[in-house]
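Starting from the structure of chain A, add chain B where the hints point.
Going line by line, the protein sequences match chains A and B. One point on numbering: in the working numbering, the residue at position 72 of the first sequence is 446, and numbering is uninterrupted. One point on numbering: in the working numbering, the residue at position 63 of the second sequence is 437, and numbering is uninterrupted.
A few of these clues could be false.
A pair holds if it fits inside one copy or across any two, identical chains being indistinguishable in the list.
With a straight-line cut-off of 20 Å between C-alpha atoms, the simulated SDA-like cross-links for lysine to any residue are [said to hold, decoys possible]:
1. K397 with K536
2. K488 with L420
3. K534 with E568
4. K379 with Y437
5. K573 with N450
The set of hints was computed from the structure by calculation and includes no laboratory data. Since the model is a prediction, treat every value here as computed from it, not as a measurement.
There are 2 protein chains.
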Amino acid sequence: MTEDKFLVPRDVYLKSGIHIGTKFRTAYMEQFIYKTRPDGLSVLNLQKIDERIKIAAAFLTQYEPKDVLIICRRENGWKAVELFGKLTGVRTFAGRYPPGILTNPNLEDYTEAKLVMVVDAWPDRNAVMDAVKVGMPVIALCDTNNQTNFIDFVVPCNNKGKKSLGLFFYLLAVEYMKIKGRITSADQLGATMEDFTEK
Amino acid sequence: MTEDKFLVPRDVYLKSGIHIGTKFRTAYMEQFIYKTRPDGLSVLNLQKIDERIKIAAAFLTQYEPKDVLIICRRENGWKAVELFGKLTGVRTFAGRYPPGILTNPNLEDYTEAKLVMVVDAWPDRNAVMDAVKVGMPVIALCDTNNQTNFIDFVVPCNNKGKKSLGLFFYLLAVEYMKIKGRITSADQLGATMEDFTEK
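With the rest of the complex left out, here is chain A (with noise of 0.2 Å):
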């Protein structure tokens, strides 16, 4: 997976500002990261993010969409998140996560679901200790602040800003489709980038 095999040209990604990281790093985080700016910021390799959105694409699709769940509180993920289920008829939640939904049967709400995916492990922490609770394999966005207690694929990216969020998504949406064999190109798709990416 050299630089020539990205999903999108190196600038695509910079401009979207994927790799900017927080001032403050974890652990597990710190083999993700690249360098640290002068103003603190760490910068995340982004290599290993293009690798792990295709990874985490491939881990999708071992899954019916119905039985994939997207969560994510974060208002900038929420358009980005909804188009991706649109398109791939994967579920999605954006918004507050309800106590339980994954793991009370007795709530009006309650809903099955095999794999979990979060925008951030940390303000969707309610969903990922709900989704290890009942077994299910946890993917989460995970910055360089981020704890990664209980996750079972850590995709590293910035999972905070909107241009972020939109590219991570549109491109995700791109290669799980083609995985799945829905697609051949990302022409065929049905949005654009920028309608991921825009207000």
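Just chain B now, kept in the frame of chain A:
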């Protein structure tokens, strides 16, 4: 992923002992444990084993075979690991892992890889830490007693017995070759389940 979609019939799994854990359990592995037997041994959840073998195969196929290295210090896994390598083209290392071969370019037996899989996160811990240092994802077979720090993807199973490891690598080989499009059914693999599990 209901039971009727298991990779092999339930009794084939059970005969191999792939679900038999140890008397010791770590916090992360709790989620994969189905029950504790009267003799104190933990029993792993078969559905989760089956599910994660499929995901591990999909994960591996995201890389060229030459970029994947499977490491196995435990002798009970050597035959199965080597047969897996012969059939798939994935590189294998059965035996003592020479420190630094993944991290020190000055060593004569230095080798590059992009993904590492280990048969047991504990005896193979030097390989795990080297892989983390250079930023490679690590897949690990983990029994109920394994710590999972720094493992990117855990496949719960009995990683000690010859039959269990044989069955694991047989199923992984079949799934891997199917996803890669090199075979369409198990009988085209070029080796039988017995080739993996027998002495």
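Results of checking the hints against the structure:
1. In the homo-oligomer, the alpha carbons of K397 and K536 lie at most 20 Å apart inside one protomer (19 Å), although the nearest pairing across protomers, at 47 Å, exceeds that limit.
2. Taking the closest pair of Cα atoms, K488 and L420 come within 20 Å of each other only across two copies (15 Å); inside a single copy the shortest separation is 29 Å, beyond that limit.
3. Proximity of K534 and E568 under a CA criterion of 20 Å is satisfied intra-copy only: 18 Å inside one chain copy versus 51 Å between copies.
4. For the homomeric pair K379 and Y437, the shortest alpha-carbon distance between copies (12 Å) is at most 20 Å, but the shortest distance inside one copy (26 Å) is not.
5. In this assembly of identical chains, the alpha carbons of K573 and N450 lie at most 20 Å apart only when taken from the same copy (10 Å versus 57 Å across copies).
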